[in-house]
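Protein chains in written order, with my numbering: chain A, 14 to 297; chain B, 4 to 322.
Incorrect hints may have been included.
In silico EDC-like links for lysine to aspartate or glutamate, alpha-carbon gap of 16 Å or less [claimed, not checked]:
| # | chain 1 | residue 1 | chain 2 | residue 2 |
| --- | --- | --- | --- | --- |
| 1 | A | LYS196 | B | ASP15 |
| 2 | B | LYS58 | B | GLU70 |
| 3 | B | LYS204 | B | GLU216 |
| 4 | B | LYS71 | B | ASP257 |
| 5 | A | LYS196 | A | GLU185 |
| 6 | A | LYS196 | B | ASP257 |
Just so you know, these hints were derived from the structure itself, not from any lab. Just so you know, these numbers come straight off a predicted model, no measurement behind them.
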Amino acid sequence: MTAQSRRYLFRRGLNLFNLGMSLLTTIFGLFWLAWLLWTLVSHGLQALNVDLFVQDTPPPGAEGGMANAMIGSLLLTLVGVVVGTPVGILAGTWLAEYGRANHLASVIRFINDILLSAPSIVIGVFVYAVIVAPLGHFSGWAGGLSLAIIMLPVVLRTTEDMMRLVPDQMREAAAALGAPRWKVTVYIVHRASLAGMLTGVILGIARISGETAPLLFTALNNQFRTTDMAQPMANLPVMIFQFAMSPYESWQHLAWAAALIITAAILILSITARLLLSAKTSSE
Amino acid sequence: MSGSTHTTRWRDSLADLLFRSLTQLAALTVLGLILAILVVLTAKAWPAFHNFGFKFFTSTEWDPVSEKFSAFASIYGTLVTSLIALIIAVPVSFGIALFVTELAPQWLRRPVSTAVELLAAIPSIIYGMWGLFVFAPIFADKAQPWISAHLGHWPLIGGLFNGPPIGIGVFTAGLILAIMVIPFVTSVMRDVFDVVPTVLKESAYGLGCTTWEVMWHVVLPYTRVGVVGGIMLGLGRALGETMAVTFVIGNSHDINLALFMPGNTISSTLANEFSEAVGPLYTSSLIALGLILFFVTFVVLAIAKLLLLRVEAREGAKT
C-alpha cells in the first residue's frame with residue numbers, strides 16, 4: 014500500500030513537473046520573441062523620422078537617411094521576384110500535374126526541399142563565382158539573381174502543394190468538355206489555386222527581403238543612389254550590417270531604424286500569408 | 004469543317020507539348036542549379052585543396068599574410084555552435100510541441116504556434132544586432148561571472164565555462180542559434196505529434212497513464228523517426244546560419260575549449276573575409292570552406308528529408 018501510493022505520488026509528481034517544464038519552455042520561446050520585438054521598437058522608434066525616406070546614407074558621423082538603400086532593396090527584391098516566381102510556378106506546375114508518380118519528379122522535389130534550407134551564404138558565393146568574378150565588379154544583377162535562387166524553392170513548394178489541393182474531379186470535368194491539358198492546368202487548376210500561389214510568392218518575398226549573407230558578395234553596397242543594376246547597389250540588410258558594426262552613433266541609429274522597418278515589413282508579409290493560407294484551407 | 008477540327012486538335016497537342024516541355028524545363032532548373040553550385044564551387048575550391056592537400060582539414064593555421072589557410076578552426080566552431088544550439092533547442096522544442104498539442108486549451112494553440120513560428124520570420128541580421136548590442140552586455144554583466152564562478156571549478160566541464168566576461172563568444176552564438184532553430188524543430192515535432200492516432204493515446208490514458216507517460220512512452224516512440232528528422236532539419240539550419248553568428252561569435256581563428264572565448268564558423272569566416280580577400284589562394288580557400296559547408300548541410304538535410312519522407316510514407320500507407 015505505502016509502496017504503491019508512493020509510486021503513484023511519484024508518477025503524479027513527475028507528470029506535474031514535466032508539464033510545468035513544458036509550460037516553462039513555451040514561455041522561454043516566447044520570451045525571446047518578445048525581447049527581440051521590444052528591442053526593435055525601443056531602439057528603432059526613436060530613430061524613425063521622415064529624413065530616412067528622403068535622404069541618402071550619410072558619410073561617417075553625419076546625419077542622413079537611407080533612401081538609396083530602400084530603393085536598392087526594392088529593386089533587388091523585384092529582380093528576385095520577377096526571375097524566381099515564374100520559374101518556381103512553372104516547376105511547381107510540372108511537379109503537381111505531370112510528376113505525381115515519376116522518379117525524376119521525386120528527385121526534383123527532394124533536391125528542392127534541400128535547396129529550401131541550404132545556407133544562403135553559399136548561394137552568395139556561387140553567384141559571386143559565376144557572375145561577379147568573371148565581370149570583375151559587384152552588381153545589382155548579381156544580388157537580384159542570388160535572391161531569385163533563394164526565392165525559387167519557396168514558390169515551387171507552395172505552388173505544388175496548393176495545386177495538389179485542387180480536386181481531380183475539376184480536372185476531369187474540364188478534360189471531359191474537351192479542353193486540352195494546358196488549358197485545364199492554366200484555366201482551371203491555376204485559377205483555383207491562385208490565392209495559395211500568391212501566398213507562396215508573399216512568403217518568398219518575406220524570405221528574401223531580410224537576406225543579408227548572399228548580398229554581401231554580390232550587390233555589396235553603394236553610398237550613392239543608383240538604379241543602375243550593373244553597379245554595386247545599396248540595400249537595407251548590408252547597410253544594417255555595415256552601420257551596426259561601425260563605431261559611429263548616427264550610423265548605428267540608422268541601422269536600428271532600418272532593422273525596425275525591415276522586420277515590421279517581413280512580419281506583416283508573413284502574417285498576411287498565414288491569414289491567406291488559413292482562409293484557403295478552412296474554406297475547403 | 005473536318006479540316007478545321009483537325010487543325011485545332013493539332014494546334015492543341017502542340018500547345019500541350021510546349022506547355023509540358025516548358026514546365027519540365029523549369030523543374031529541371033532546380034537540378035541544374037544544385038549541380039552548377041557543386042561544379043562551380045568544386046572548380047573554384049580546387050586550388051586550395053590542391054595546394055594544402057589533406058592538411059587543409061587538419062591544420063589550424065589561418066594566415067592571410069603568408070597565404071597559409073586551413074578549415075579546421077572554422078569547422079570546429081561550426082560544429083560546436085550547432086551542438087550547443089541543439090542541446091538547448093531540442094528539449095525546448097519538445098516542451099513547446101507538447102504544450103501546443105496536449106496541454107494548451109484549444110483557443111491558445113494557434114496563437115502560440117504562430118508566435119513561435121514568427122521567430123523564424125525575423126531576419127538573421129536582426130538576431131545578430133540584438134545579440135551584440137542588447138543580449139551580450141546583459142549576459143556579460145549578469146550571467147557570465149556567476150556561471151564562471153559556480154560552474155568554472157567543476158571537474159571535466161569546468162573548463163568550458165571559463166573565459167573573459169565579454170558577452171560574445173562561442174556560447175552566445177550557440178544560444179542565439181538555438182533560438183533561431185526552435186521554430187523549425189518545434190513545427191516538425193508538432194506536426195508529427197498531431198498525426199499520432201487518437202486511439203493509441205486513448206488506450207494509454209485508459210490504462211491510467213499520466214499525460215507525461217502517454218507523451219514519453221506512446222507518442223514519442225511512435226513519432227521517433229519524424230522527431231529525429233525535425234532535429235536534423237534544425238541542425239541543417241544551424242550549420243549554415245550566417246549573420247547572427249557573425250555578429251556575436253567574436254571572429255577569431257583560434258580554437259578554444261572554453262565556450263566564452265571568441266571563435267568562428269565557416270559562414271562567419273565567409274561573411275567577414277570574402278569580399279576583402281586578396282589573392283587567388285585566399286579566395287579559393289574561402290570558396291573551399293563554402294563547399295565544405297554546402298556538402299555537410301546537404302548531407303544533414305538529405306537525412307532529415309529521408310526520415311520525414313518515411314513518416315509521410317507510413318501516413319500514406321495507413322489512410
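Taking 16 Å as the top limit, are the C-alpha atoms of LYS196/A and ASP15/B close enough? Holds. LYS196/A to ASP15/B sits at ~9 Å (cutoff 16 Å).
Please verify whether LYS196/A and GLU185/A have alpha carbons no more than 16 Å apart. holds, 12 Å
If you draw a straight line from the CA of LYS204/B to the CA of GLU216/B, is it 16 Å or shorter? This hinted pair holds, its Cα atoms lying about 10 Å apart.
Keeping to a limit of 16 Å between CA atoms, is the pair of LYS58/B and GLU70/B held or broken? holds, 14 Å
Quick one, are LYS71/B and ASP257/B close enough, alpha carbons at most 16 Å? holds, 14 Å
Given the hint that LYS196/A pairs with ASP257/B, test it: the Cα-Cα distance must not exceed 16 Å. Not satisfied, since the Cα-Cα distance of roughly 61 Å exceeds 16 Å.
In this structure, only the earlier hint numbered 6 is contradicted, and the remaining ones agree with it.
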